[in-house]
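Spelled out from the first residue to the last, the chains are:
There are 2 protein chains.
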Amino acid sequence: MEKDLEVLHHSTAHLLAAAVAELWPRTKFGIGPAIENGFYYDFEFQEKITEEDLPKIEKKMEEIKKRGLAFEQSKMKIAEALRFEKKKGQVYKEELIKQIKKLGTTSVEEGVLEEIGSKKMDTVSYYKLGNFIDLCQGPHVKTTKEIGCFKLLNLAGAYWRGSEKNPMLTRIYGTVFKTQKELEDYLNQIGEAKEWDHRKIGKELGLFVFSDIVGKGLPMFTAKGATIRRELERFIIDEEIKRGYQHVITPDLAKTQLYKISGHYPYYKDTMYPPMKIDEEELILRPMTCPHHFMLYKSQPRSYKELPIKYAELASQFRYEKSGELTGLMRVRMFCLADAHIFATPEQAETVIKEVLNLIDFTNKMLGLEKGVDYRYRLSLGDRTETKKYFKDDKAWENAEEVLRKVLTETKAPFFEAKNEAAFYGPKIDIQMKNAVGKEETAFTVQYDFALPKRFDLTCIDEKGKEKEVIVIHRSSIGAIERILAFLIEKYKGAFPTWLSPVQAQIIPIAERHHGYAIDLRNELLGKGLRAEVDLKNGTMQTKIRDAQLQKIPYMLVIGDREQVQKKVAIRSREKGNEGVVSISDLITRLKDEIENKK
Amino acid sequence: MEKDLEVLHHSTAHLLAAAVAELWPRTKFGIGPAIENGFYYDFEFQEKITEEDLPKIEKKMEEIKKRGLAFEQSKMKIAEALRFEKKKGQVYKEELIKQIKKLGTTSVEEGVLEEIGSKKMDTVSYYKLGNFIDLCQGPHVKTTKEIGCFKLLNLAGAYWRGSEKNPMLTRIYGTVFKTQKELEDYLNQIGEAKEWDHRKIGKELGLFVFSDIVGKGLPMFTAKGATIRRELERFIIDEEIKRGYQHVITPDLAKTQLYKISGHYPYYKDTMYPPMKIDEEELILRPMTCPHHFMLYKSQPRSYKELPIKYAELASQFRYEKSGELTGLMRVRMFCLADAHIFATPEQAETVIKEVLNLIDFTNKMLGLEKGVDYRYRLSLGDRTETKKYFKDDKAWENAEEVLRKVLTETKAPFFEAKNEAAFYGPKIDIQMKNAVGKEETAFTVQYDFALPKRFDLTCIDEKGKEKEVIVIHRSSIGAIERILAFLIEKYKGAFPTWLSPVQAQIIPIAERHHGYAIDLRNELLGKGLRAEVDLKNGTMQTKIRDAQLQKIPYMLVIGDREQVQKKVAIRSREKGNEGVVSISDLITRLKDEIENKK
Numbered sequence: 001m002e003k004d005l006e007v008l009h010h011s012t013a014h015l016l017a018a019a020v021a022e023l024w025p026r027t028k029f030g031i032g033p034a035i036e037n038g039f040y041y042d043f044e045f046q047e048k049i050t051e052e053d054l055p056k057i058e059k060k061m062e063e064i065k066k067r068g069l070a071f072e073q074s075k076m077k078i079a080e081a082l083r084f085e086k087k088k089g090q091v092y093k094e095e096l097i098k099q100i101k102k103l104g105t106t107s108v109e110e111g112v113l114e115e116i117g118s119k120k121m122d123t124v125s126y127y128k129l130g131n132f133i134d135l136c137q138g139p140h141v142k143t144t145k146e147i148g149c150f151k152l153l154n155l156a157g158a159y160w161r162g163s164e165k166n167p168m169l170t171r172i173y174g175t176v177f178k179t180q181k182e183l184e185d186y187l188n189q190i191g192e193a194k195e196w197d198h199r200k201i202g203k204e205l206g207l208f209v210f211s212d213i214v215g216k217g218l219p220m221f222t223a224k225g226a227t228i229r230r231e232l233e234r235f236i237i238d239e240e241i242k243r244g245y246q247h248v249i250t251p252d253l254a255k256t257q258l259y260k261i262s263g264h265y266p267y268y269k270d271t272m273y274p275p276m277k278i279d280e281e282e283l284i285l286r287p288m289t290c291p292h293h294f295m296l297y298k299s300q301p302r303s304y305k306e307l308p309i310k311y312a313e314l315a316s317q318f319r320y321e322k323s324g325e326l327t328g329l330m331r332v333r334m335f336c337l338a339d340a341h342i343f344a345t346p347e348q349a350e351t352v353i354k355e356v357l358n359l360i361d362f363t364n365k366m367l368g369l370e371k372g373v374d375y376r377y378r379l380s381l382g383d384r385t386e387t388k389k390y391f392k393d394d395k396a397w398e399n400a401e402e403v404l405r406k407v408l409t410e411t412k413a414p415f416f417e418a419k420n421e422a423a424f425y426g427p428k429i430d431i432q433m434k435n436a437v438g439k440e441e442t443a444f445t446v447q448y449d450f451a452l453p454k455r456f457d458l459t460c461i462d463e464k465g466k467e468k469e470v471i472v473i474h475r476s477s478i479g480a481i482e483r484i485l486a487f488l489i490e491k492y493k494g495a496f497p498t499w500l501s502p503v504q505a506q507i508i509p510i511a512e513r514h515h516g517y518a519i520d521l522r523n524e525l526l527g528k529g530l531r532a533e534v535d536l537k538n539g540t541m542q543t544k545i546r547d548a549q550l551q552k553i554p555y556m557l558v559i560g561d562r563e564q565v566q567k568k569v570a571i572r573s574r575e576k577g578n579e580g581v582v583s584i585s586d587l588i589t590r591l592k593d594e595i596e597n598k599k
Numbered sequence: 001m002e003k004d005l006e007v008l009h010h011s012t013a014h015l016l017a018a019a020v021a022e023l024w025p026r027t028k029f030g031i032g033p034a035i036e037n038g039f040y041y042d043f044e045f046q047e048k049i050t051e052e053d054l055p056k057i058e059k060k061m062e063e064i065k066k067r068g069l070a071f072e073q074s075k076m077k078i079a080e081a082l083r084f085e086k087k088k089g090q091v092y093k094e095e096l097i098k099q100i101k102k103l104g105t106t107s108v109e110e111g112v113l114e115e116i117g118s119k120k121m122d123t124v125s126y127y128k129l130g131n132f133i134d135l136c137q138g139p140h141v142k143t144t145k146e147i148g149c150f151k152l153l154n155l156a157g158a159y160w161r162g163s164e165k166n167p168m169l170t171r172i173y174g175t176v177f178k179t180q181k182e183l184e185d186y187l188n189q190i191g192e193a194k195e196w197d198h199r200k201i202g203k204e205l206g207l208f209v210f211s212d213i214v215g216k217g218l219p220m221f222t223a224k225g226a227t228i229r230r231e232l233e234r235f236i237i238d239e240e241i242k243r244g245y246q247h248v249i250t251p252d253l254a255k256t257q258l259y260k261i262s263g264h265y266p267y268y269k270d271t272m273y274p275p276m277k278i279d280e281e282e283l284i285l286r287p288m289t290c291p292h293h294f295m296l297y298k299s300q301p302r303s304y305k306e307l308p309i310k311y312a313e314l315a316s317q318f319r320y321e322k323s324g325e326l327t328g329l330m331r332v333r334m335f336c337l338a339d340a341h342i343f344a345t346p347e348q349a350e351t352v353i354k355e356v357l358n359l360i361d362f363t364n365k366m367l368g369l370e371k372g373v374d375y376r377y378r379l380s381l382g383d384r385t386e387t388k389k390y391f392k393d394d395k396a397w398e399n400a401e402e403v404l405r406k407v408l409t410e411t412k413a414p415f416f417e418a419k420n421e422a423a424f425y426g427p428k429i430d431i432q433m434k435n436a437v438g439k440e441e442t443a444f445t446v447q448y449d450f451a452l453p454k455r456f457d458l459t460c461i462d463e464k465g466k467e468k469e470v471i472v473i474h475r476s477s478i479g480a481i482e483r484i485l486a487f488l489i490e491k492y493k494g495a496f497p498t499w500l501s502p503v504q505a506q507i508i509p510i511a512e513r514h515h516g517y518a519i520d521l522r523n524e525l526l527g528k529g530l531r532a533e534v535d536l537k538n539g540t541m542q543t544k545i546r547d548a549q550l551q552k553i554p555y556m557l558v559i560g561d562r563e564q565v566q567k568k569v570a571i572r573s574r575e576k577g578n579e580g581v582v583s584i585s586d587l588i589t590r591l592k593d594e595i596e597n598k599k
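Just so you know, the protein sequences line up as chains A and B, in that order. Here my numbering is used: the first residue of the first sequence is 1, the next is one more, and so on. Here my numbering is used: the first residue of the second sequence is 1, the next is one more, and so on.
In case anyone wonders, no lab produced these hints; they're calculated from the structure. Please note that the accuracy of each hint is not assured.
The list makes no distinction among identical chains, and a pair is therefore deemed to hold if it is satisfied within one copy or across any two copies.
As the list claims (entries may be wrong) - PhoX-like, lysine-lysine: derived pairs with alpha carbons at most 25 angstroms apart:
(1) Lys181 x Lys48
(2) Lys552 x Lys305
(3) Lys269 x Lys216
(4) Lys242 x Lys598
(5) Lys59 x Lys598
(6) Lys552 x Lys242
(7) Lys75 x Lys98
(8) Lys298 x Lys216
(9) Lys599 x Lys528
(10) Lys145 x Lys419
(11) Lys537 x Lys464
(12) Lys216 x Lys277
Quick caveat, the model's predicted, so the values are computed rather than measured.
With the hints as extra help, turn the sequences into a complete structure.
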């Protein structure tokens, strides 16, 4: 192992420990060495931690990394260090210092490379990273900014110092590389990426299926998958309506002529389905919603007083992607886009786009996706020299690009610029989202359009009673439902927050004599709009709990004699395990609260 | 006017009065003569009655008619009759009797044809219809069963006995014919039918628009229309899930091959869109959902213990109807069917179908549609001699038909039988719904299918571990959303119950100084999930109220100085007019309650 790579590994182990210290301050720390291909750190948690917590820890690590903290070394007398660790209750560190005092090293087994000091030393070395200080000989990178792209891999039990006579600690493994590309290659190589692939998880959890006889790239959502979709769809519709959008419903198809007027046809015809001719009409499945919304706008005269008019729709769209490009739910041949078109005056553009970014940040946050971590923005500009690729109007391009740049800058959005990536009708902001292995993809866009309104003659009557051209902002809020679902499956590894979970509570009767009460309870929960199921299979409680855990169900409600008599349930949560016996009404209140608050 | 027609007219006027007496017992009755083409009756209501109440009165008339009551004549001494009416507070009847005593007639103007008795009589004639007894010379039809098909036309103010010195009564006009056909012809002739046409109301209320450039038979729903759709869709999805349906989402299209396997292709290909060929695949827009649900069922092995499995979907479907057959939302080229397929053993069929009819009755009731009045059932049978039209299996047909008949009989459903109207794969129950002019159409169906499961090899593993064929019940619960919406628009003449109203409350600030409070109130109501708008146009309160009435908005919230200072609103309801000033929280409670209870 190269020395600088080893330093990187070990520094990232410290970053991991610093994150754990912030998240769970009562944790006791063991050792955190660099190993081949990465690092680990051993912890004694006072709370129950599972693999589901890894994304949370990664997020915190990312946050600390961004602070650009220096790794600062200091020395401490051994006697002082012992008092220091004792005071903090860090029993493992205390033991290590005692060993250093005696042997001059902490090593007790092969593969543990962390060595601290030499025999008969009277001081030990510490490294400080922000508020986190750790017994360590170093060396480290200079600041957290030098830490590259990392990934926590898994979590395992490990006896303290390798002996089964000692307590079992929790070992978290991770890896780190200088670039995202190297990280991805490594993850692909070890097959880890597949563990988080939404196609794999989707199959394990039974969220959707494909059928050769139905067609490629055409997923069928089971009740479980459809439940997540429905929650997402209702959430976005209700939120958009609150924000003044008019949610409309327009058909999946239109005359081919409509896309010739719009100018989409030459640009998109290779990915559009072929036209269908019957009688006097030629119809085609829509590859986008804009022309339909334009026709709704044009269905009556509009006054400037009505603007901005914001049409939104959960719109089915159809694109004939090449079969080699189809990827689970990420790239399909029919999808449902949370689409909208905002008709406004050029003067309103800035405010309108700010509101759109605010909505995007809000909805992403509710979905658990963090700005700057899970996604960032790309300002995709035109190219004045590419006269065939883009609608020709230099002044309009300059203006629109400046408006988008200004909004991104003023709202302090994390963004970068990219030349020659615009839509043919104007510049756009792309929402770049990271998948499970950190690969960035365009999830959806916000586009400034000054070209199509001219083609469709979209106008309003201004203050002076004259016709005035409007501009259109094309935007999504969470993108295609299929694609955001793929991102979320990978983000949560299938362990969705309660409000999105297909089954929110699995009722587990211990014996057959508890079936009646279990079914009554299920019906009561269903009646309250909660999604509950009963496991009536033969099998031990342990088997049933394991099945529910594999299905990543947030709550298991165990029912035995005591619970049946008292009309209560024993709650076991996916993250925290056993949480004791509660009344049905308390259970309902808790679940309702989590759902209401999108936890 | 023919004598028997006059008798029919006059008898229906009595039926109207009997209905009013049951609905509003405190009503004072004037006169109710036969006129050219129909009848009227004058009432002094103690409650506010509007045109919106006419369907309710018609429903009550229909109910009384069905009781098959006799019109029974009796005589009463004048003095006794005077005491009788006085006791009941029937001042107008009292006045009529006094006139009879003096002149021997009640007639005071031309066109009023009701004459009671002759001069110097000492008795008057009464007719009794159930509990309702009315001063009347007759003659009448024998029983209410002889009353044909009627329609209340409108409502107008009319001074008692035509003199403006007298109180203003409410006159309700109606018409009646021996057959539905004659009634419809008459309504069409007088242009009344058009008044209730959903296409006309849809346009007036701005619920949907058509565009030649989008295509024929492809409605675009505005935010208002889409709101009603969304309410209907969420209602049906939530209700079906409560009843154990698994709501799934499958794609709008599939390989043509799928419909060849299903056997639908030869039967439906004339109304299917043409196939789309790209690369190696040939895809087609789906005309029905069953094959998709079958593929979901077949995506894993099924045990008999899981049955019945009930897949439901709000499924987009596509049928290329001839342009001459397109009718507003009633018949379109793309529609969204509240569809479901229930996979069951033949032994479960009866229970399953009973549950389906129970769901249909429940949902219709929630929509305000009454069994036996707004809809009834048709048992559509096969024909064993039509071997090409129907799947050949005489025994299976006999059995399935008997199951459907048994369920209809046992649930006391109003139904009739029709030969040679089945689906090619089995018999069905059609839900026959009446439109505005009483014309009956098949709204949707419940089908018993023993044929397609054979084609698709749909099986379950039975108790003995062997493969066993299942049957499929195809069913809808409210039909195509477009079509049920058309029925509801006509049923309510656009005056939807609060939960379905696109705008539930129109806020009317009296002057510009009330705009701020009006907007705050709107935002507060929106925040509570209520659909409120503010009328900020210039214009008098009267104009704004009229506009809101024309838009059939259930609540108008008028805001003036007093309301603004007290932070209250003056409620004006669509049906009852002014209802006084209430606090915002009382208003919200009232609206929420109405919505919750689907009023």
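Now for the hints, and whether the structure bears them out:
1. Lys181 x Lys48: neither (33 angstroms within a copy, 75 angstroms between copies)
2. Lys552 x Lys305: Classified as between: cross-chain Cα gap 24 angstroms, same-chain 51 angstroms, threshold 25 angstroms.
3. Lys269 x Lys216: both (19 angstroms within a copy, 23 angstroms between copies)
4. Lys242 x Lys598: Answer is both; intra-copy 17 angstroms and inter-copy 22 angstroms each pass.
5. Lys59 x Lys598: within (19 angstroms within a copy, 46 angstroms between copies)
6. Lys552 x Lys242: between (32 angstroms within a copy, 23 angstroms between copies)
7. Lys75 x Lys98: within (16 angstroms within a copy, 119 angstroms between copies)
8. Lys298 x Lys216: Answer is between: at 17 angstroms across copies they meet the 25 angstroms cutoff, but 37 angstroms inside does not.
9. Lys599 x Lys528: Close inside one copy (18 angstroms) and across copies (21 angstroms); limit 25 angstroms.
10. Lys145 x Lys419: neither (27 angstroms within a copy, 81 angstroms between copies)
11. Lys537 x Lys464: between (74 angstroms within a copy, 18 angstroms between copies)
12. Lys216 x Lys277: For Lys216 and Lys277, the Cα distance is within 25 angstroms both inside one copy (24 angstroms) and across copies (13 angstroms).
Comparing the model with each earlier hint shows violations of hints 1, 10; every other hint is respected.
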